[in-house]
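**Q** Single-letter residue listing:
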Amino acid sequence: RKEVEQDPGPFNVPEGATVAFNCTYSNSASQSFFWYRQDCRKEPKLLMSVYSSGNEDGRFTAQLNRASQYISLLIRDSKLSDSATYLCVVSPKTPLGSSASKIIFGSGTRLSIRP
Amino acid sequence: DAGVIQSPRHEVTEMGQEVTLRCKPISGHNSLFWYRQTMMRGLELLIYFNNNVPIDDSGMPEDRFSAKMPNASFSTLKIQPSEPRDSAVYFCASSLVLAGVYQETQYFGPGTRLLVL
Chain W
74 RKEVEQDPGP FNVPEGATVA FNCTYSNSAS QSFFWYRQDC RKEPKLLMSV YSSGNEDGRF
134 TAQLNRASQY ISLLIRDSKL SDSATYLCVV SPKTPLGSSA SKIIFGSGTR LSIRP
Chain Z
68 DAGVIQSPRH EVTEMGQEVT LRCKPISGHN SLFWYRQTMM RGLELLIYFN NNVPIDDSGM
128 PEDRFSAKMP NASFSTLKIQ PSEPRDSAVY FCASSLVLAG VYQETQYFGP GTRLLVL
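Those protein sequences? They're chains W and Z, same order as listed. Convert by adding 73 to the 1-based position in the first sequence; the result is the number in our numbering. Convert by adding 67 to the 1-based position in the second sequence; the result is the number in our numbering.
None of these hints come from the bench; they were simulated from the model. Every value quoted in this text rests on a predicted model; they were computed, and no experiment measured them. Please note that the accuracy of each hint is not assured.
Selected chain Z positions facing chain W (Cβ under 10 Å, derived; list incomplete) [as the list claims (entries may be wrong)]:
#1 71
#2 104
#3 111
#4 112
#5 115
#6 158
#7 160
#8 162
#9 171
#10 172
#11 176
#12 177
#13 178
All C-beta atoms, glycine included, are put in the ideal place defined by N, C-alpha and C.
Isolated chain W, as found in the complex (with noise of 0.2 Å):
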């Protein structure tokens, strides 16, 4: 099973649509999760972080579910620029002391808006 596990899309949705989607992570002691956005050709750049309340910033609503071990994505009113592939990122718990963490990428899931 892979660390991180995306549903790869696409999605395809008209825009003004409301597109949600979810990303599973199988290490029960994971401290951080952030969301990626990756434009074709493009490097992938920070979307936003995962907090355990949940966290908003204008469309775009992350959520964490450490029991069922997942985090979601909700695009509300979708945007024809929102089309991008989206990654979840996982970081395992950085040991007490230790300066360094390896971040886990998910391998994306493609969003296309249409007109």
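Given the structure of chain W, go ahead and fit chain Z onto it with the hints provided.
**A** Same frame as chain W, but now just chain Z:
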């Protein structure tokens, strides 16, 4: 602000040749990561450094790959000899990792597109 800088941006070479990819992390960051991305395998972590020291190189495919970080502002990833299956986009990323702080953001460079013929 200067982000992570990678060079070259594109590289086309013939099988058997040596390839050297370069990365300059963001000033002040203490961790540097090399990734490889392909359609088939997605984004794979090859190696990462903390304070210029290699911490985990378990993702390095084989002995043909080597990485160095001689100082805090420069790292190289070398492939010798290169093979067609090494064709991919190679990303370098940097972050600031503090002891006891679990959340850190990685900042990626624009990548090097490598094609080995």
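**Q** Please go over all the hints and tell whether each is borne out by the structure.
**A** Status of each hint after checking the structure:
The interface hint given for residue 71 of chain Z is met, as the beta carbon of that residue sits about 8 Å from the closest beta carbon of chain W, less than 10 Å. Residue-level restraint check for residue 104 of chain Z holds (minimum Cβ-Cβ distance to chain W is 9 Å; threshold 10 Å). About 8 Å separates the beta-carbon of residue 111 of chain Z from the nearest beta-carbon of chain W, less than 10 Å, and the hint is met. Taking 10 Å as the C-beta contact cut-off toward chain W, the hint placing residue 112 of chain Z at the interface holds, the least distance being around 7 Å.
A cut of 10 Å between beta carbons decides the hint on residue 115 of chain Z: the least distance to chain W is about 7 Å, and the hint holds. Because the closest C-beta pair between residue 158 of chain Z and chain W is about 6 Å apart, less than 10 Å, the hint holds. At its closest, the beta carbon of residue 160 of chain Z sits 8 Å from a beta carbon of chain W; the interface hint therefore holds under the 10 Å criterion. For residue 162 of chain Z, the suggested interface contact is upheld, since its CB lies about 8 Å from the closest CB of chain W, less than 10 Å.
The criterion of a C-beta within 10 Å of any C-beta in chain W is met by residue 171 of chain Z, whose closest approach is roughly 7 Å, and the hint holds. For residue 172 of chain Z, the interface hint holds, since its Cβ comes within 10 Å of a Cβ in chain W; the closest pair sits about 5 Å apart. Annotation: residue 176 of chain Z was flagged as interfacial toward chain W, and the flag holds, the nearest CB pair being 6 Å apart, inside 10 Å. About 6 Å separates the beta-carbon of residue 177 of chain Z from the nearest beta-carbon of chain W, less than 10 Å, and the hint is met.
The criterion of a C-beta within 10 Å of any C-beta in chain W is met by residue 178 of chain Z, whose closest approach is roughly 6 Å, and the hint holds.
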